[in-house]
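With these hints in hand, go ahead and build the complete structure from the sequences.
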Amino acid sequence: MKEGFRQSMAWLHTWSGLLVGWVLFLVFAAGTAAYFRDEITLWMKPELHALPHAPVAQAQAAERAVQFLQQRGADSPRWFISMPTGREPLVGVLWTKPAPPAGAAPAGERPRRARFENASLDPATGDTAHAPRATRGGDFFYRLHFDLHYMPAIWARWIVGFSAMFMLVAIVSGIVTHKRIFKDFFTFRGKKGQRSWLDAHNVTAVLALPYHLMITYTGLITLMFLYMPWGPQAAYKDRGGEQAFFAEVFPGGGRDRFQAAGEKAPLAPIAPMLAQASAHWGGAAAGRITVHHPNDANAVVAITRAEGPRLSYDQPSMQFNGATGALIATYGDVPQAAAETRGVLYGLHVGRFANPLLRALFFLSGLAGCVMVATGLLLWAVKERQKYAKVLRKGGRIGFGLRLVDGLNLGAVAGLPAAMAAFFWANRLLPVGLAERAAAEIRWFFIVWGALAVLALLRPTLRMWQAQLGLGALLFMLLPVLNAFTTTHSHLGATLRHGPGAVAGLDLVAIALGLGLASAVWFVERKRRKTLALKHAAKAPAPRTPGEPEALSQGLATSGHQP
Amino acid sequence: MNTPTFFTLAFTASLSGFCALGLAMDRHFEDVFGRGREPGRWRRWLQLAGTVLLCVSLAASLRAAGSSIGWVLWFGVLTAAALIVVAFLSYAPRRTPWLGLVSALAALGGLPFTFVS
Chain A
1 MKEGFRQSMA WLHTWSGLLV GWVLFLVFAA GTAAYFRDEI TLWMKPELHA
51 LPHAPVAQAQ AAERAVQFLQ QRGADSPRWF ISMPTGREPL VGVLWTKPAP
101 PAGAAPAGER PRRARFENAS LDPATGDTAH APRATRGGDF FYRLHFDLHY
151 MPAIWARWIV GFSAMFMLVA IVSGIVTHKR IFKDFFTFRG KKGQRSWLDA
201 HNVTAVLALP YHLMITYTGL ITLMFLYMPW GPQAAYKDRG GEQAFFAEVF
251 PGGGRDRFQA AGEKAPLAPI APMLAQASAH WGGAAAGRIT VHHPNDANAV
301 VAITRAEGPR LSYDQPSMQF NGATGALIAT YGDVPQAAAE TRGVLYGLHV
351 GRFANPLLRA LFFLSGLAGC VMVATGLLLW AVKERQKYAK VLRKGGRIGF
401 GLRLVDGLNL GAVAGLPAAM AAFFWANRLL PVGLAERAAA EIRWFFIVWG
451 ALAVLALLRP TLRMWQAQLG LGALLFMLLP VLNAFTTTHS HLGATLRHGP
501 GAVAGLDLVA IALGLGLASA VWFVERKRRK TLALKHAAKA PAPRTPGEPE
551 ALSQGLATSG HQP
Chain B
1001 MNTPTFFTLA FTASLSGFCA LGLAMDRHFE DVFGRGREPG RWRRWLQLAG
1051 TVLLCVSLAA SLRAAGSSIG WVLWFGVLTA AALIVVAFLS YAPRRTPWLG
1101 LVSALAALGG LPFTFVS
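Protein chains in written order, with my numbering: chain A, 1 to 563; chain B, 1001 to 1117.
In short, the hints are calculated from the structure, not lab data.
Keep in mind that a hint or two might mislead.
Dumping the calculated DMTMM-like pairs for lysine to aspartate or glutamate here, alpha-carbon to alpha-carbon at most 20 Å [unchecked claim]:
hint, chain 1, residue 1, chain 2, residue 2
1, A, Lys237, A, Glu263
2, A, Lys383, A, Glu88
3, A, Lys191, B, Asp1031
4, A, Lys192, B, Asp1031
5, A, Lys191, B, Glu1030
6, A, Lys192, B, Glu1038
7, A, Lys179, B, Asp1026
8, A, Lys97, A, Asp75
9, A, Lys191, B, Glu1038
10, A, Lys192, A, Glu436
11, A, Lys179, A, Asp147
Calculated Cβ distances over 10 Å to all of chain B for the following chain A residues [as the list claims (entries may be wrong)]:
hint, residue
12, Phe188
13, Ala368
14, Leu430
Owing to the predicted nature of the structure, the values given are computational and were not obtained by experimental measurement.
Built from N, CA and C at the ideal position, the CB exists for glycine as well.
Right, here's the structure in full:
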């Protein structure tokens, strides 16, 4: 009975992992990159790297932002200001365009969602003179992680959530299946075919197991109100529905309860409000400022505390009367237990609390997750191929399913890194003034990935593995070289000496990733030579040593045309 | 005492701790010291030292990042250290005791500061 349970868990592990493995690899890779979301964004805006990095007082930065918004969006219903941080040197401003008067919209056209305009301001001067090139930067990987692309976000979130649930099943069933977790804790046996793949899968899974469990579970938590809305729906049925629930759990949020009076009133100075909020939070800085109905008698200024070294994602906030500057209310100083639990789990997932070192450790565990998913996918193909050992020896062909998995594995595991590198190359090579430039960068990511995936499905051979891994290796290793040729202040020679450190760090990580991919190319080359030698040996009437036929069947995808 | 020092202590302590725990296992002991050798009565001491060093690593992590984020830091440090020990045991088994010794000395040097200050 015990054996039966373990076998059924092994079956569950195999199929729950394989079915969603390719999506998971994308989610893991994009999520791992998103830990350095702000750093990637900074790297992709080389116009900002030569800016002086003297910290600017919060009050000054906020006042400059308000001045700018008074000029550009005085009649806007809502302003959003994000204050500069150590990771993001500029002030981000976003404002809603005023809605057209009722009846102005052409007949038959439904009123679309509010349209936004945004700008990045120099915190010291408040002007946009250093406007960087248009790019999505690290936000692209962040969104790709759960919104995918080229599809409605809700669909994508359901797909990603479905995959994450399978991942959780695969982790738990994998722990049951493994049974030698502590005996094989440090075990990696190289050059042993299937054994080595299994060891690599086990080591990357077990050594980062706390991370894998945490990240999968908290990932589901981040979107829990999408996946399981029924609790609040039932409990708040007669009390205003889900909106009432959110207003109660996350007080201070929501925007529908702010109504404009329609009477003009000048906006009170922002600096005293900032000072009051900061004093209330024991000197902590402000992170976001939202102004509802600026220049109206009912204006409300909401200030949210900056992210700091605290696990929870939810930050306390304060609201001020925009006309008088008087405090209206404070929120979240003593968070409710349930909201705080979710806030901590959410915070653990996104890791915004982490300093650079801890962030690097998250990144390392994320890479271990990528390797775990990749080796798991390859392991399925390696095992499946053994079933075809006899057929292959007679010159037959492998089945459609294995060939499909081979192609998908190649396109995902080898193709995705190359596409991610191509995204960075597009950032430096596309003309700065190009129309729809941010979208063009993303298009290049998908063009490269799509082309590589098609090639992978057409010819899933060891040669193709080498070509795609090699392309990724070259693109990553040469990224600092490209950077040196296309920028003046952003190459390693400048950034290692004068900073910004984040830009130098990205170049160095790119070299390391390139070297990792290059060693994978070398590994495949060894495998290919071994396979070739074995084929020659099999043709020649030489006495066969035991073990050879198995060796033929082990290793990476070789579904291509068997001679 | 500042955070980088505590972090270094957490890292070296977990590195040496995992070296000790690995060497306490028959398979890795053979890889390192030759076929047929067994840890014998060393096993208990290696396991004890490994456990103590991992506890030191936890204490240093909590000092480095506080009592909540410290746990997150500890798990991250453990993962990084264990991956390094696996690489050593697989590709340079004979150097593993040296890795353990050097990192243990570094950890012991920083140990007094974890509980004082």
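Now for the hints, and whether the structure bears them out:
no.: 1; hint: A:Lys237 / A:Glu263; in the structure: 36 Å, violated
no.: 2; hint: A:Lys383 / A:Glu88; in the structure: 47 Å, violated
no.: 3; hint: A:Lys191 / B:Asp1031; in the structure: 16 Å, holds
no.: 4; hint: A:Lys192 / B:Asp1031; in the structure: 16 Å, holds
no.: 5; hint: A:Lys191 / B:Glu1030; in the structure: 19 Å, holds
no.: 6; hint: A:Lys192 / B:Glu1038; in the structure: 25 Å, violated
no.: 7; hint: A:Lys179 / B:Asp1026; in the structure: 18 Å, holds
no.: 8; hint: A:Lys97 / A:Asp75; in the structure: 8 Å, holds
no.: 9; hint: A:Lys191 / B:Glu1038; in the structure: 25 Å, violated
no.: 10; hint: A:Lys192 / A:Glu436; in the structure: 50 Å, violated
no.: 11; hint: A:Lys179 / A:Asp147; in the structure: 36 Å, violated
no.: 12; hint: Phe188; in the structure: 4 Å, violated
no.: 13; hint: Ala368; in the structure: 7 Å, violated
no.: 14; hint: Leu430; in the structure: 36 Å, holds
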